[in-house]
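Visitor: As given, the protein sequences belong to chains A and X, one line each in that order.
For the record, in the first sequence the residue sitting at position 74 is 73 according to numbering that gives the first Met the number 0, with numbers rising by one throughout.
For the record, in the second sequence the residue sitting at position 183 is 182 according to numbering that gives the first Met the number 0, with numbers rising by one throughout.
Bear in mind the hints are in silico, worked out from the structure with no lab data behind them.
Quick caveat: nothing in here was measured; it's all calculated off a predicted structure.
Some hints here could point you the wrong way.
What the hints assert, rightly or not - Some chain A residues flagged as far from chain X (calculated, every beta-carbon gap over 10 Å):
1. Met17
2. Glu21
3. Ile22
4. Leu24
5. Ala30
6. Ala34
7. Val43
8. Ala44
9. Glu48
10. Val75
11. Glu78
12. Ile83
What the hints assert, rightly or not - Far from chain A, by Cβ distances over 12 Å, these chain X residues were calculated:
13. Asn64
14. Arg105
15. Gly158
16. Gly172
17. Arg243
18. Ile368
19. Thr370
20. Phe373
21. Gly374
22. Gly376
23. Lys383
To be verified - Selected chain X positions facing chain A (in silico; Cβ < 8 Å):
24. Leu177
25. Glu178
26. Val181
27. Ala182
28. Trp363
29. Arg420
30. Val424
31. Lys425
Note that beta-carbon positions come from the ideal geometry of N, C-alpha and C, so glycine has one too.
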Amino acid sequence: MATVEERVKAITANVLKMNADEINLEDSFTADLGAESVQSIELVAMFEEEFGIEMDEDAALSVQTVGDAVEFIAAVCREQGVDIEE
Amino acid sequence: MRLILVDSLFEARSNFFPLAFGRPLWELRVGTSSLAGKLISRIQPDDTAYFVPDYMADVYRAQVNKPVNAPSALVGDDLMLVNPVVKAGDFKVPAKGASEIGLDERGMIIYARISRNDVKRLASDDIETFITSAKAKLPNVTCKLPTWNYTWDLILANGELIISEFAAMGRNGFEGSLEDPVAVRGSRKDVYVAPGVKVHPMVTIDAEHGPVYIDERAEIHPFSRIEGPCYIGKDSILLGAKCREGNSIGPCCRIGGEVEESIIHGYSNKYHDGFIGHSYVGEWVNLGALTTNSDLKNDYSNVSVMLDGQRAIDTGSTKVGSLIGDHTKTSIGTLLNTGSYLGAMAIIMATGKPLPKYISSFAWFIEGIVTKGFGKGRLYETAKTAMSRRKCEWTPAMEAMWDAVFDMTAPERNKAIKKGRMTLVK
Chain A
0 MATVEERVKA ITANVLKMNA DEINLEDSFT ADLGAESVQS IELVAMFEEE FGIEMDEDAA
60 LSVQTVGDAV EFIAAVCREQ GVDIEE
Chain X
0 MRLILVDSLF EARSNFFPLA FGRPLWELRV GTSSLAGKLI SRIQPDDTAY FVPDYMADVY
60 RAQVNKPVNA PSALVGDDLM LVNPVVKAGD FKVPAKGASE IGLDERGMII YARISRNDVK
120 RLASDDIETF ITSAKAKLPN VTCKLPTWNY TWDLILANGE LIISEFAAMG RNGFEGSLED
180 PVAVRGSRKD VYVAPGVKVH PMVTIDAEHG PVYIDERAEI HPFSRIEGPC YIGKDSILLG
240 AKCREGNSIG PCCRIGGEVE ESIIHGYSNK YHDGFIGHSY VGEWVNLGAL TTNSDLKNDY
300 SNVSVMLDGQ RAIDTGSTKV GSLIGDHTKT SIGTLLNTGS YLGAMAIIMA TGKPLPKYIS
360 SFAWFIEGIV TKGFGKGRLY ETAKTAMSRR KCEWTPAMEA MWDAVFDMTA PERNKAIKKG
420 RMTLVK
C-alpha cells in the first residue's frame with residue numbers, strides 16, 4: 000500500500016494538473032501550488048474519497064501545506080479506524 | 000377571541016419548501032402581505048398566538064414578540080384555531096358560535112372554533128394533544144374552503160390578490176416625492192405612492208392593467224418601469240428595473256433587471272440585469288448579475304417541480320420559474336431551468352449551462368456538482384455579514400434553527416454530494 004504522503008501527493012497532482020514529483024511537503028497549496036478556492040474544495044472531496052474518511056470542512060480547509068495535509072489526514076484515519084501506511 | 004395559528008394543521012408543509020424551512024407557513028407572502036396578515040385582518044381577533052415547528056420557535060418568538068408554542072395561550076379565552084393555508088378571503092366562519100371542528104374531505108382540520116368553556120374540557124399540555132382532544136370531544140363538521148397547496152399557488156395568484164387588496168385598502172394618491180418627468184399610465188386612482196417614497200425622474204408607472212402600490216421610503220431610480228399590479232415593499236430600491244406585472248417585492252430589497260410575476264421576500268438583492276419570472280425568492284438571497292430563470296418551456300407544456308429531489312410534481316401551469324430558499328446566493332451568469340428548486344443557504348457557481356432543477360439546501364454547487372464546499376460555518380459567516388450590512392443581527396437562535404435544517408436536509412444533500420464525487424473520481 001502506498002503511504003499517506005504518496006497518496007496525498009498523487010491526489011494533489013491529479014487535481015492541480017502537475018507531476019507528483021514536483022510536490023514537496025512544505026509546499027503551500029495556494030501560494031506554491033496555485034490551488035484556487037474551488038480546487039481546495041475538490042482536493043478535500045478527493046482526499047475523502049481516496050481514504051474513505053469524513054473530514055470537518057473548516058478544519059480540512061484550514062490546512063495550509065502538503066505536509067500538514069498528510070498529518071491531518073493520517074490523524075483523521077486513525078480517529079475513524081481507517082488502515083493506512085504511514 | 001384569540002386566533003391560534005398552528006403550522007402543523009397543514010400536513011404537507013414540505014410542499015412549501017424551501018421557503019418554509021426558516022418560517023412558519025403563515026409568514027409566506029402573497030399580494031401585499033403575509034398569509035398571517037390576511038387571516039388576522041379577516042378574522043379580527045383580540046390577540047394571536049402561534050404554534051410553529053419546535054426548531055424555529057426561538058427565532059419566531061423573537062420576531063413576533065407574542066406567545067409562540069405556549070400552551071398557556073390555549074386557555075382563558077374563546078379560541079379560533081386556523082390552518083394557515085386557508086385562503087383568508089374565503090374564510091367566513093363566524094367568530095361567535097358553538098364549538099366545532101371544521102374538517103375538509105381529507106379529514107384535515109381547517110379550523111377549530113372552541114368556546115372558553117369547552118377549552119376547560121380539553122387537554123392542553125401541548126398543541127398536538129389539544130388538537131387530538133378537541134377533535135375527539137367536539138362536534139366535527141365538514142367544510143370546503145380553498146387552500147394554498149404549493150408555493151406556486153401563491154405565485155400564480157399574486158397579481159389578482161394585489162388587485163383585490165389594493166381595492167380593499169382604498170388608498171391612492173402621491174404622498175411621496177416625484178421628480179419630473181415621471182410618466183403615469185392608466186388611472187392615477189390606481190397608484191399609491193406612500194410617504195417617504197422617492198421616485199426619481201424618467202420613471203414610468205403603468206397602472207393600465209392593474210394598481211401599483213409603492214410602500215413607505217421605497218426609492219425608484221431612473222429608467223425603472225413599474226407595471227401594475229405591483230407591490231413594492233418599504234425601503235426597497237428599484238435600480239432601473241423593468242418591473243413587469245404581478246410582482247410583490249418585500250421590504251429592503253434591491254431590484255434591478257427584469258422581474259415578472261414574482262414574489263420576493265425582504266432583504267433580497269437582484270441588483271443587476273437578468274430575468275426572474277414566476278418565481279418565489281426567500282429572504283437574504285443574492286442573485287448575481289445576469290442570473291436568469293426560464294418560466295416557460297419551449298413546448299408550452301406544464302412545468303414540473305421537484306420538492307424532494309426525486310419526484311417531479313406537475314404544477315398544472317405552463318408558467319413557473321424558480322423557488323429559491325433563504326440566504327442562497329447565485330454567481331454571475333447563473334441560468335435556472337423552468338421549475339427550478341434552489342434550497343436555502345446554498346451557494347451556486349454558474350457553469351454556463353442551466354443548473355440541475357433541484358439543488359439541496361446548504362449545497363455548494365461548484366463546477367457542475369454539489370459539494371460540501373467550505374461547509375455551513377462559512378455560510379453562517381456570510382449570512383452574518385450580509386445581515387450586518389442591513390443592521391440586522393445573526394443570532395445563536397438562528398444558527399440553531401439552520402443547524403436543524405442542515406440536519407433535516409442532510410440525506411438529499413449527501414446523496415447529491417456522493418453523485419458529484421463519482422463525477423470527480425471519473
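Visitor: Is the nearest CB of chain A more than 12 Å from the CB of Gly374/X?
Guide: violated, 3 Å
Visitor: Compute the least Cβ-Cβ separation between Phe373/X and chain A, then decide whether it is above 12 Å.
Guide: violated, 6 Å
Visitor: Any Cβ of chain A at or closer than 12 Å to Gly172/X, or is the non-interface label fine?
Guide: holds, 52 Å
Visitor: Mind checking the CB of Val181/X against every CB in chain A and telling me if the closest is under 8 Å?
Guide: violated, 45 Å
Visitor: At 12 Å, judged by beta carbons, does Ile368/X keep clear of chain A as stated?
Guide: Contrary to the label, Ile368/X does not stay out of reach of chain A, its closest Cβ about 9 Å off (not over 12 Å).
Visitor: Taking C-beta pairs only, is Ile83/A more than 10 Å away from all of chain X?
Guide: Consistent with the label, Ile83/A stays out of reach of chain X, its closest Cβ about 19 Å off (over 10 Å).
Visitor: For Glu21/A, which was marked as not at the interface, is the minimum beta-carbon distance to chain X over 10 Å?
Guide: holds, 22 Å
Visitor: Glu78/A clear of chain X by more than 10 Å, beta carbon to beta carbon?
Guide: holds, 18 Å
Visitor: May I ask you to check that Thr370/X keeps its beta-carbon over 12 Å from the closest beta-carbon of chain A?
Guide: violated, 5 Å
Visitor: Take the shortest C-beta to C-beta distance between Ala182/X and chain A; is it under 8 Å?
Guide: Ala182/X check fails; min Cβ-Cβ to chain A is 47 Å, beyond 8 Å.
Visitor: A cut-off of 10 Å on Cβ-Cβ distance, and Glu48/A was said to be off the interface with chain X. Does that hold?
Guide: violated, 5 Å
Visitor: Was Leu24/A rightly flagged as not at the interface, with every chain X Cβ beyond 10 Å?
Guide: Leu24/A clear of chain X: closest Cβ-Cβ about 24 Å, beyond 10 Å.
Hints 7, 8, 9, 18, 19, 20, 21, 22, 24, 25, 26, 27, 31, counting from the list given before, are not met by this structure.
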